[in-house]
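Numbering follows the working numbering, in which position 150 of the sequence shown is assigned residue number 760; successive positions increment by one, without gaps.
No wet-lab data here; the hints were simulated from the structure. Warning: the hint list may mix true and false statements.
Calculated lysine-lysine pairs in the PhoX-like style (CA-CA distance at most 25 Å, straight line) [said to hold, decoys possible]:
#, residue 1, residue 2
1, Lys-835, Lys-848
2, Lys-703, Lys-753
3, Lys-753, Lys-712
Derived CB-CB ranges, DEER-like [unchecked claim]:
#, residue 1, residue 2, range
4, Gly-704, Leu-623, 22 to 28 Å
5, Glu-902, Arg-734, 46 to 52 Å
6, Glu-896, Leu-804, 34 to 40 Å
7, Val-742, Pro-857, 50 to 56 Å
8, Pro-975, Asp-708, 18 to 24 Å
Built from N, CA and C at the ideal position, the CB exists for glycine as well.
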Amino acid sequence: MPSILIVDDERGLLSSLVMAFETQGYRSAGAASGAEALDLLRQTPFDVVLTDLVMPGMDGLALLDRVHADFPDTEIILMTGGATVESAVRALKGGAYDYVVKPFRLAEIYRIVERCREQHELRRENIQLSEVNRRLQELDRLKSNLLSAISHEFRTPLTIMNGWLDLLLRGEFGPVSAEQRESLTAVQTSAIRLGRLITNLLAFVDYERSEVGAAAVNVDALLQKAAAELASDCTERKVTLGLDVTPGLPVVHGDGEHLRLVFLNLMENAVKFNEPGGMVVVTAREDAGGLEIQVANSHGSIPPEHVENLLQPFMQGDMGPRRRAGGLGLGLAVAQAIVDAHGGDLRVEAGEEQGTTVRVRLPLPPTAHDAAEKKNEQ
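Take these sequences, add in the hints, and give me the full structure.
Written out as structure tokens, the structure reads:
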């Protein structure tokens with residue numbers, strides 16, 4: 611319920627205003643002096659104080675100063691006679707919301723008080739939203755720091771594990787039986803997948819904080835490298851991965867390692883969410899000043915209501931407890947962040963039982979001819 615405290619040494623006006631605002635749904639109280647008003651404010655808060663400017667003892671200006679000092683969340687409206695309007699204007703500069711000249715109509719004072727109360731509520735909500743936003747930013751900073759610290763700490767023991775596994779599988783410590791090799795290979799495959807998860811976590815944190823480099827990047831080579839990294843995954847899931855890349859593609863400018871992560875994530879998803887015997891086809895073409903890379907798998911579907919979740923961090927199309935594919939749900943979110951940072955575009959097209967296609971478009975650097983034309987135009 612909105613509340614108003616009315617302060618005036620004219621008892622008749624005071625009681626009539628208190629009653630009038632009660633009929634308007636306000637919790638209304640009256641005080642015959644500034645001192646009495648301060649006592650009431652100490653007992654219970656009010657949204658608005660409507661006070662006469664000229665009163666014996668503590669006048670409206672002195673009350674304004676005290677209320678602002680002790681009750682900064684309370685708005686002040688002044689009532690004044692025509693001879694003291696200049697003082698009321700000075701009070702506005704001192705923080706009063708508005709003033710009304712006596713005699714006034716109830717409709718006029720209702721309107722001013724209601725407008726004041728609405729602004730008061732908006733200010734209060736803005737303060738609350740600012741505090742919520744500050745806390746969210748702090749939580750986001752803590753989250754990023756935590757993810758970064760965890761990822762870096764995981765990388766060191768994982769690097770040691772991969773090193774010893776390589777030595778064991780190469781027979782550096784003696785012959786390895788077929789059963790031992792199978793077991794070690796399974797451990798190595800899991801370590802590689804864990805490494806990809808950590809890489810995605812680090813990239814997710816990095817692309818919330820950093821800018822993109824501008825080195826020349828051979829997309830064909832990145833696609834070949836990503837496909838090679840997924841050879842064991844394809845074998846395990848019985849999925850065929852094929853590349854259809856136009857020869858002699860121009861280079862793009864950007865961060866080669868992170869662009870490789872884009873293609874690795876897209877191909878890994880296409881393999882992971884496919885069916886045994888399925889296919890993943892990766893195509894790359896130059897088209898109207900850009901490169902378009904498509905990664906499409908042959909099986910599986912995504913319900914329309916889940917598609918919008920795919921590009922959200924830590925989300926998959928199906929996040930239910932019985933989802934058939936693991937992972938953090940970061941692959942597409944990281945891919946989109948990297949592509950956006952490179953000035954490109956990423957889109958997901960999910961068909962009904964026809965598989966899913968992800969299209970990435972990357973801009974090409976201007977040629978020497980383009981640069982000369984731009985210079986001539988200037």
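Hints, verified against the model:
| no. | hint | verdict |
| --- | --- | --- |
| 1 | Lys-835 <-> Lys-848 | 20 Å, holds |
| 2 | Lys-703 <-> Lys-753 | 44 Å, violated |
| 3 | Lys-753 <-> Lys-712 | 58 Å, violated |
| 4 | Gly-704 <-> Leu-623: 22 to 28 Å | 24 Å, holds |
| 5 | Glu-902 <-> Arg-734: 46 to 52 Å | 51 Å, holds |
| 6 | Glu-896 <-> Leu-804: 34 to 40 Å | 36 Å, holds |
| 7 | Val-742 <-> Pro-857: 50 to 56 Å | 54 Å, holds |
| 8 | Pro-975 <-> Asp-708: 18 to 24 Å | 59 Å, violated |
Consistency with the previously given hints fails for numbers 2, 3, 8, ordered from lowest to highest.
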